[in-house]
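There are 4 protein chains.
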Amino acid sequence: MAHFPEIPKIAYEGPKSKNPLAFKHYNPDELIEGKSMRDHMRFGAAYWHVMRNSLSDPFGGGTAVMPWDDYSDSVDNAKKRADVFFEFLEKIDIDYYCFHDRDIAPELNDFNKSTEALNAVVDHLGGLQKATGKKLLWGTACLFSHPRYSQGAGTSPDARVFAYGCAQVKAAMDATHKLGGEGYTFWGGREGYATLLNTDMKRELDHLAALMHMAVDYAKKIGYTGQFYIEPKPREPSTHQYDSDSAACLNFLREYGLLDHFKLNIETNHATLAGHTMEHELTVAMAANALGSIDANQGDTLLGWDTDQFPSDLYGTSKVMLKVLEMGGFTTGGLNFDAKRRRESHEPIDLFYAHIGGMDAFARGLKVAAAVRADGRIGDMLKKRYATWDTDLGAKIEAGKASFDELTEWVKSQPEPVLASGRQELLENILNELL
Amino acid sequence: MAHFPEIPKIAYEGPKSKNPLAFKHYNPDELIEGKSMRDHMRFGAAYWHVMRNSLSDPFGGGTAVMPWDDYSDSVDNAKKRADVFFEFLEKIDIDYYCFHDRDIAPELNDFNKSTEALNAVVDHLGGLQKATGKKLLWGTACLFSHPRYSQGAGTSPDARVFAYGCAQVKAAMDATHKLGGEGYTFWGGREGYATLLNTDMKRELDHLAALMHMAVDYAKKIGYTGQFYIEPKPREPSTHQYDSDSAACLNFLREYGLLDHFKLNIETNHATLAGHTMEHELTVAMAANALGSIDANQGDTLLGWDTDQFPSDLYGTSKVMLKVLEMGGFTTGGLNFDAKRRRESHEPIDLFYAHIGGMDAFARGLKVAAAVRADGRIGDMLKKRYATWDTDLGAKIEAGKASFDELTEWVKSQPEPVLASGRQELLENILNELL
Amino acid sequence: MAHFPEIPKIAYEGPKSKNPLAFKHYNPDELIEGKSMRDHMRFGAAYWHVMRNSLSDPFGGGTAVMPWDDYSDSVDNAKKRADVFFEFLEKIDIDYYCFHDRDIAPELNDFNKSTEALNAVVDHLGGLQKATGKKLLWGTACLFSHPRYSQGAGTSPDARVFAYGCAQVKAAMDATHKLGGEGYTFWGGREGYATLLNTDMKRELDHLAALMHMAVDYAKKIGYTGQFYIEPKPREPSTHQYDSDSAACLNFLREYGLLDHFKLNIETNHATLAGHTMEHELTVAMAANALGSIDANQGDTLLGWDTDQFPSDLYGTSKVMLKVLEMGGFTTGGLNFDAKRRRESHEPIDLFYAHIGGMDAFARGLKVAAAVRADGRIGDMLKKRYATWDTDLGAKIEAGKASFDELTEWVKSQPEPVLASGRQELLENILNELL
Amino acid sequence: MAHFPEIPKIAYEGPKSKNPLAFKHYNPDELIEGKSMRDHMRFGAAYWHVMRNSLSDPFGGGTAVMPWDDYSDSVDNAKKRADVFFEFLEKIDIDYYCFHDRDIAPELNDFNKSTEALNAVVDHLGGLQKATGKKLLWGTACLFSHPRYSQGAGTSPDARVFAYGCAQVKAAMDATHKLGGEGYTFWGGREGYATLLNTDMKRELDHLAALMHMAVDYAKKIGYTGQFYIEPKPREPSTHQYDSDSAACLNFLREYGLLDHFKLNIETNHATLAGHTMEHELTVAMAANALGSIDANQGDTLLGWDTDQFPSDLYGTSKVMLKVLEMGGFTTGGLNFDAKRRRESHEPIDLFYAHIGGMDAFARGLKVAAAVRADGRIGDMLKKRYATWDTDLGAKIEAGKASFDELTEWVKSQPEPVLASGRQELLENILNELL
Ligand SMILES: [Co+2]
Ligand SMILES: [Co+2]
Ligand SMILES: [Co+2]
Ligand SMILES: [Co+2]
Ligand SMILES: [Co+2]
Ligand SMILES: [Co+2]
Ligand SMILES: [Co+2]
Ligand SMILES: [Co+2]
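If you're matching them up, the sequences are chains A, B, C and D in order.
Under UniProt numbering, the residues of the first sequence are numbered 1 to 435, in order.
Under UniProt numbering, the residues of the second sequence are numbered 1 to 435, in order.
Under UniProt numbering, the residues of the third sequence are numbered 1 to 435, in order.
Under UniProt numbering, the residues of the fourth sequence are numbered 1 to 435, in order.
By construction, these hints were calculated from the structure, which means they are not laboratory data.
Don't take every hint at face value.
Copies of the same chain look alike in the list, so a pair counts if it fits in one copy or across any two.
No more than 27 angstroms apart at the CA atoms, straight line, and that leaves these computed lysine-lysine pairs for DSS-like [stated by the list, open to error]:
#1 K383 - K401
#2 K221 - K135
#3 K178 - K221
#4 K323 - K35
#5 K401 - K202
#6 K401 - K134
#7 K202 - K396
Bound conformation, chain A alone:
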């Protein structure tokens, strides 16, 4: 039963503790801006990384020690993994989890058998949820690992593969619905292309939109009211991913009339791979009222691929939490650790060190974000920077009542405007002060 026999339930011990198996900052019931840390964070664990990531990479096989796993495709093995995972959730004190259908149950190269296996494991997970109170943040279908999807699923050149993908999404939506999942995510694994020489981009995007409209219709039909998400990512695994960043996703959603039905699930490492900061991507989504959930991790900007490292950079976590507070907090979303240990950190205990580090990093980020807001200097400087927009001139422009002729007359009558400093360095000093 105890698959992590040496690991106690991780508890808050405060910043002075030297216990590597304790939280130093994440204190679930501590109130920040009147809400508990637990409710601010809504931490989720990723089934794929915790239970199914062998830590292989393109140059070598798996290193992860997983004594509970017999590496078979049996439903029994899948259920045993689920038991281990819930022990992990309990010990690490994380309330939510996320999965792909093929993480929790085997791909059996036969649609009927795979779906049957999925349903069996879903029942088992339902029992574990009930027993522990853990909840499903979101579910998704893995439409990118199997060779049939090597050229896309919703954007496959093969209509039969597209149909297969739809059937798989339906089953994953059923599973998510049954488990009370608060969201359902589309990550466009292979929705993109390798070369335009063999690709009809417009036709593929039309198909992708058709799939998403069917998902919206199906949710309505079965009474699933969870939130749909798209997760942007560039370059990987397809050289050219359609959903490359927040703007690309929003453009797609607007073009195909889907913006009312979808929000974004934004991942830090995907943002930086797209050449943006995470806070840029969050802000773009928020401006469209479309920030839904967050995949919490971090990348290595000196590397050109998705390293999915555990979030440890306090600048990063602080900036994320500033945005989350600015938004008024998550509703259906949360902070899902889409993060893996380094390949060299192959022992089970490293799973705990890694998650503890990520949770503490976000707890400190939350404290910093709240401190920035309480301190007020940064916010005041931002407000003051736009002060001219609160004058008559600015108000008229903002009201859409100005014209080029009129503004030209105004300019002719005025001296050259003198711009104030942007004060980036001072703002960074203040942020460091509060870190």
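Go by the hints and put chains B, C and D with the ligands onto chain A.
Chains B, C and D with the ligands in isolation, oriented as in the chain A frame:
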């Protein structure tokens, strides 16, 4: 009068010529797919690079030898430059040109004086156009060089600067209209931000949209019917540019109800800086019926900034011309050489070598593109790849009449689909064959 | 016996052929600069990519169709693969091959058994070589895939793993020697580190040098006279690879007194990942008389990892062949296709399309390089650019006989020097002319 | 006299202070590991950024407000700038400075006049040094801004330009010597190339080495005993810089017999542009006993060029200071702020905010580094990770007494080694604990 005394009018001499001052492939009146090369290309020269680029860089001053320029801010000097430029256009046999207001006329740190100078030079340019038959592809306002715009123009935190920018756009639109410009371009020079700590992104984007709506209104008012363009670019000069790529621009245009009024002017080096290929950006724009014009150049993908090199890569020019042919050719747009010589190529004759190289590279690209289309193999393979979408199954999905339930039933009744190879390597071999 | 029944022996049919299974430029016995193409190229095929690459990636399993493989770790399966590989070599008309020990024979998680299996397969390969005349370009040991090497081999923090690596190199050198391998390569798979927090760089590099000195000693002992190579690569798989580029390798070899014993095996995609062009890396190696062999492939500079694509870019192959001609040709080295088909090109015939494309691209590159040399314009411009160095002033400096005092006197007596244009655009035009 | 009338002398006020014009962590006389912060840091200010950087960029002119500067090339203006600079040094409490010859004195396009002007300003600086006690960390010659150097100085294709460069270095060395400079730096501004089509790399590197040997000889002749440095940097301004990173510099120094005479001056933003971390570059230099001095700044890894931002990232400063402590501190070197304010931070007071932020960031970095060393956990884990190297097996290998045969026998007799976790996440948690 002859500022390039050693340079003859550049003529077509065919592929065997060793004359460095001759075209080896650009034969203006040669028909390709029934249209002259001249009409396919609609080449444009960039006033800023030809006449105003001193070839300075962040580590050193200008090197360009420009004996005709007295480096003063006088209108006379500006007119003399215009004369030299038109001599250049005639000798290089380019029919179109593009300018920023501050390229053709001096910025005098006083709105009225700057506008007066602009108008004087515009009259002079009108005379030169009439005398030579050269035409204006598009005009634009430089809203990024002057310190007043250091924090943006349409997205300035200062409403007075915004107004100034509007007045400058009005004057530049007037100039473009007077010169019969076929388009008017917005490149978001400093429309972006350096740090979110001092930036209200949503408010700034609202302002930018307001400016563009005023431009649309003003065009209507003055009867200007040329095409508006937005030119996407990431990172430079603002760390975070709002118009970072085609998708970001389209998203903005859709959100603010501007998509009917704007097309995109896409530049190769901006595409690659955004992490996309040029043909990706063109295809994204075409899928939205929004490809307007092209800034022809190329970057160095080992460098992280806009090198604006002259286009010499035949793969690049072939892929661009394939897209242009696929679109049915330019209407208002063209191939504007937004390209500069390397800083070490500082002699006037290098301007000719550089443009000859770019024009020949595009002429070969056009021939390759036409050969690919005539050959048919690549097109056939692409069509065949989507064959299942032309069956009943595919047609039903494309018609929006399929559902998850129905597709699931279909999948259950079928064997596993077997995917055909994508054949990228063979396609690349065929392209090489035709190069 | 015929594992590629539909594939004939690939033959030269000339540039007009439309046969996708024919060479259009690679004509093995055609003489270029007095030497046959075959001898210029010394093409090699990579056992790992042709026979062992399932085309999996971090987001999905293998797609490659390999009907001859039973996916067992048996020696019989290994021998059968060898038979298929030699059929491939014969049909594609490639004379050389390269291998890692663990490509040709199974890793059996037991040193003695693995070595025994290796020896058995080596005997089988020896027979195949004798029967076909094919030769081994170089061998190597795979010191990066197995979990034991996850933290390095020659730079492992664990001395036992280091010893294991040495034993494996010894066995791989024995195999290479037995098969008449003309070279032996070290690619520092995991020789690097993930974080300096747990790494003693100096100590690790001392160990790596110790391993290489033992290899030199062992070669002497067994009478192996083949060439040792180091293959530079940055970032992958270790975040920080010690042998990141040519300069880093040369620095290491100089520091540890190994420069007489090693040359470099340079790969195009590794060069670009390091931020250099391939021709830069080749030139750096040649300046140290240390260019040994080439891993022929190409990357996608918009992606941040080693895509190992088949070389198709004619600019790239031309520039490589220019350097090879400049060096006077390969001695022990050759052009080894360290290249894989895209994951979507999963059919056996794609192996042929891919290699045909690569061989033709290099054949054209060789023709272009020879044409550049015959044409002479580029070489003349280069020579003329350094003309002042052939004057008395230049000669004195080059002879090491000048001093600051003397040169200052000279400068004081002279007018400001006027620099000639670097003519980059004209040079690129000439190169395009000859392509 | 008081050019910064509103700025007091910046004083330490402790972490609770909200005064933006106070140090919160840099307390010059506070002892850390028994040495004052002042002596640990040896902060330097960069004359070029503080006094001569107009904050122009490739897309716009200068924005910096510098009321003291008449923008003339007069020696009087140069002297006045020096006065302002020393007022700055006093108020910001920085002890050292660095300069290029052309920062402190005008380039007059005539060697004799420029040198005369330089000497006049040097005398003035000598007086200011005496009056204030400020010292010169290092001097250097600007061999990259003037058009004559557009194709290199020490690697110019023109021997006359090379000679000019030597004469300029001589004068800059004289100036440095006269001012008691503790070092003299070579940054290879344009020592590299744009295209290999016109470049003889080997010949150029031979020339560069000749220049450096002349510098060594000249130092000996005049009795200058300061330390020579090379500062590595990739890509900018030459596309291919010869001194691209620490390893490239060390390789060059070893090849040309210069390693005894030179150390490296390593800049954070140059390290990251080269694809390395700063701590990697420092460690590489330290392993060769060649770490001399540091240019303190930071880059934006989402941008592809040298942004030279002020260092604010506490992870970065902590890792740098860990290395500096590990080395035993600076001897001739120091922390020179080769950093500029953002273009939007154009007011004089921003110079103070920026330097205060950088100094406080390094002060915190020093405290964190000392805490990591005092805590001991990270160091202990590192030591323990290499424990097997302290056994007989490891010792024998390290002594150079092992052979492949012997190690193979050992391996055959042992079970498979089992590797311990690298514990990267735990190490990062501990670092965060101590931040
Ligand atoms: Co994710
Ligand atoms: Co990810
Ligand atoms: Co452009
Ligand atoms: Co550009
Ligand atoms: Co390789
Ligand atoms: Co590779
Ligand atoms: Co520096
Ligand atoms: Co720098």
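Next on the checklist: Reference check for the pair K323 and K35, CA-CA at most 27 angstroms: within, between, both, or neither?
Outcome noted: within (16 angstroms within a copy, 42 angstroms between copies)
Next on the checklist: I want to check one pair: K401 and K134. Are their C-alpha atoms no more than 27 angstroms apart within a copy, between two copies, both, or neither?
Outcome noted: Answer is neither; intra-copy 53 angstroms and inter-copy 39 angstroms both fail.
Checklist entry - Within a copy, between copies, both or neither: where do K401 and K202 come within 27 angstroms Cα-Cα? => result between (38 angstroms within a copy, 19 angstroms between copies)
Checklist entry - How do K202 and K396 come out at 27 angstroms by Cα distance, when the copy is not named: within, between, both, or neither? => result Intra 41 angstroms, inter 17 angstroms, cutoff 27 angstroms: inter-copy only.
Checklist entry - Checking K383 and K401: alpha-carbon separation at most 27 angstroms within a copy, between copies, both or neither? => result within (23 angstroms within a copy, 51 angstroms between copies)
Checklist entry - Is the C-alpha distance from K178 to K221 at most 27 angstroms within one copy, between copies, in both cases, or in neither? => result Classified as within: same-chain Cα gap 14 angstroms, cross-chain 59 angstroms, threshold 27 angstroms.
Next on the checklist: At most 27 angstroms between CA atoms: does that hold for K221 and K135 within a copy, between copies, both, or neither?
Outcome noted: within (23 angstroms within a copy, 59 angstroms between copies)
Checked against the numbered hints given earlier, the structure breaks only hint 6 and satisfies all the rest.
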